[in-house]
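K.L.:
Sequence:
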Amino acid sequence: MEWLLSSPDLNPIENLWSIVKQKLYEGGKQYNSKPIYFNQVNVNVLYSECALHEYAALKQSCLFLFTKFNCYCYCWPGQNFSTTLIMTRHAKNCTAGTVYTYHERKKDTATSGYGSKSIRVGKDSVKDFDCCSLTLQPCRNPVITPDGHLYDKEAILEYIIHKKKEIALKLKKYEKQKSKNEAEQLEIGQAEAESQKKAFMENEANPVKMINNSTEEASTSGSTSISNMKQGKDKALPSFWLPCLTPSASASVMTKPDEKVRCPMSGKPIKLKDLIDITFTPINDRDTKTSLITKQARYVCAVSNDVLGNSVPCVALKTSGKVVTMECVEKIIKKDMIDPINGKKLTDKDIIRLQRGASGFSASGIQLDAKEIRPSMQA
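Under the numbering used here, the sequence shown has 3 at position 3, and the numbering climbs by one with no breaks.
Calculated from the structure, these hints are not laboratory results. All residues carry an ideal CB built from backbone N, CA and C; glycine is no exception. Worth double-checking, as some hints may not be accurate.
[Unchecked claim] Simulated restraints, written as ranges between beta carbons of each label pair:
id, residue 1, residue 2, range
1, Leu169, Ser118, 32 to 40 Å
2, Lys334, Pro146, 13 to 21 Å
3, Gln177, Ile332, 52 to 60 Å
4, Thr281, Asp124, 25 to 33 Å
5, Lys256, Lys334, 41 to 49 Å
6, Asn141, Val121, 40 to 48 Å
7, Lys260, Lys197, 41 to 49 Å
8, Glu330, Glu166, 41 to 49 Å
[What the hints assert, rightly or not] Computed list of lysine to aspartate or glutamate pairs in DMTMM-like fashion (alpha-carbon distance at most 20 Å, straight line):
id, residue 1, residue 2
9, Lys172, Glu259
10, Lys165, Glu175
11, Lys176, Glu187
Please model the complete structure; the sequences and the hints are all you need to start from.
P.N.:
Here it is, written out as structure tokens:
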């Protein structure tokens, strides 16, 4: 219920006070232990027009009535009283329980952001059996993969073309990075060989200097120094705030991309030649004015004329492309393994089970629980 402060003749305080008395006293037990809502816009107007002492008196009077009738008020006037809740003594002191209750766990999970979050998926979150897995709309030219995932032919072709272009672009970037790394390695190798050649030529040209260097190295290796500026340590200072010692971001190493286009539902490689054209048998309905998309029952089994739906397991026959029910396959087709539409011989691979939707019923055989894995808080 929502109470509006709509009377222009009364003072805003008198208007609200009269509404409260009328609803609580004249309503009797109807409003006992029930929430009372005030319109937020009118409450803000009331709070701005009231003086401070008038607002305080009104608050005390209303709280007395709320306590007497065990009611609680939402959208109370003022910033500090946005929610005033009158609870019993037991509820106020219910903090000494030894069990971490389910409600407390759910509340802490929602507040802190830690812990895995699971939800029960409803009917609105599950696509229909005859809808494309990409567009989520009824298919105009339905095709299926060998795993039974249904797509609209236009949508899956556009997806394959887009993925091929994306893979080609990634391969081009990878080859460019690979050639750049090879050139850098070649340049480093050439510079190292040149430095070794130069050092060798200097040592051969001045053998006395080489003897002096060897004696100096022996003397420095024998002496132990505790200074942090000796032996080249002055070049590795940890003063990262200095402009010359600021850390630099290393270039990201790009791995070789996957060259296969994968099914968006199963993740398996998918090719255009693997897609199988199928045909749904429309239901015989005299209502020709209503479009097929708006109808609840749209298709039937090609053999038994049973209505197809989200709760009916369906099978596509690869030889004819027709869609039949699983019950028809078990009772009729599997006896002689011949396609009843065109009379061709069937194998087990020619019978492809469609990945159907769900009715929202928990025992429909479809996974209806969605879970989000989040980090757990360690005490």
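K.L.:
Now tell me, hint by hint, if it's right for this structure.
P.N.:
Here is what the structure says about each hint:
no.	hint	result
1	Leu169 with Ser118: 32 to 40 Å	holds, 38 Å
2	Lys334 with Pro146: 13 to 21 Å	holds, 20 Å
3	Gln177 with Ile332: 52 to 60 Å	holds, 59 Å
4	Thr281 with Asp124: 25 to 33 Å	holds, 27 Å
5	Lys256 with Lys334: 41 to 49 Å	holds, 45 Å
6	Asn141 with Val121: 40 to 48 Å	violated, 28 Å
7	Lys260 with Lys197: 41 to 49 Å	holds, 48 Å
8	Glu330 with Glu166: 41 to 49 Å	holds, 43 Å
9	Lys172 with Glu259	holds, 12 Å
10	Lys165 with Glu175	holds, 15 Å
11	Lys176 with Glu187	holds, 17 Å
Of the numbered hints stated above, the single one contradicted by the structure is hint 6.
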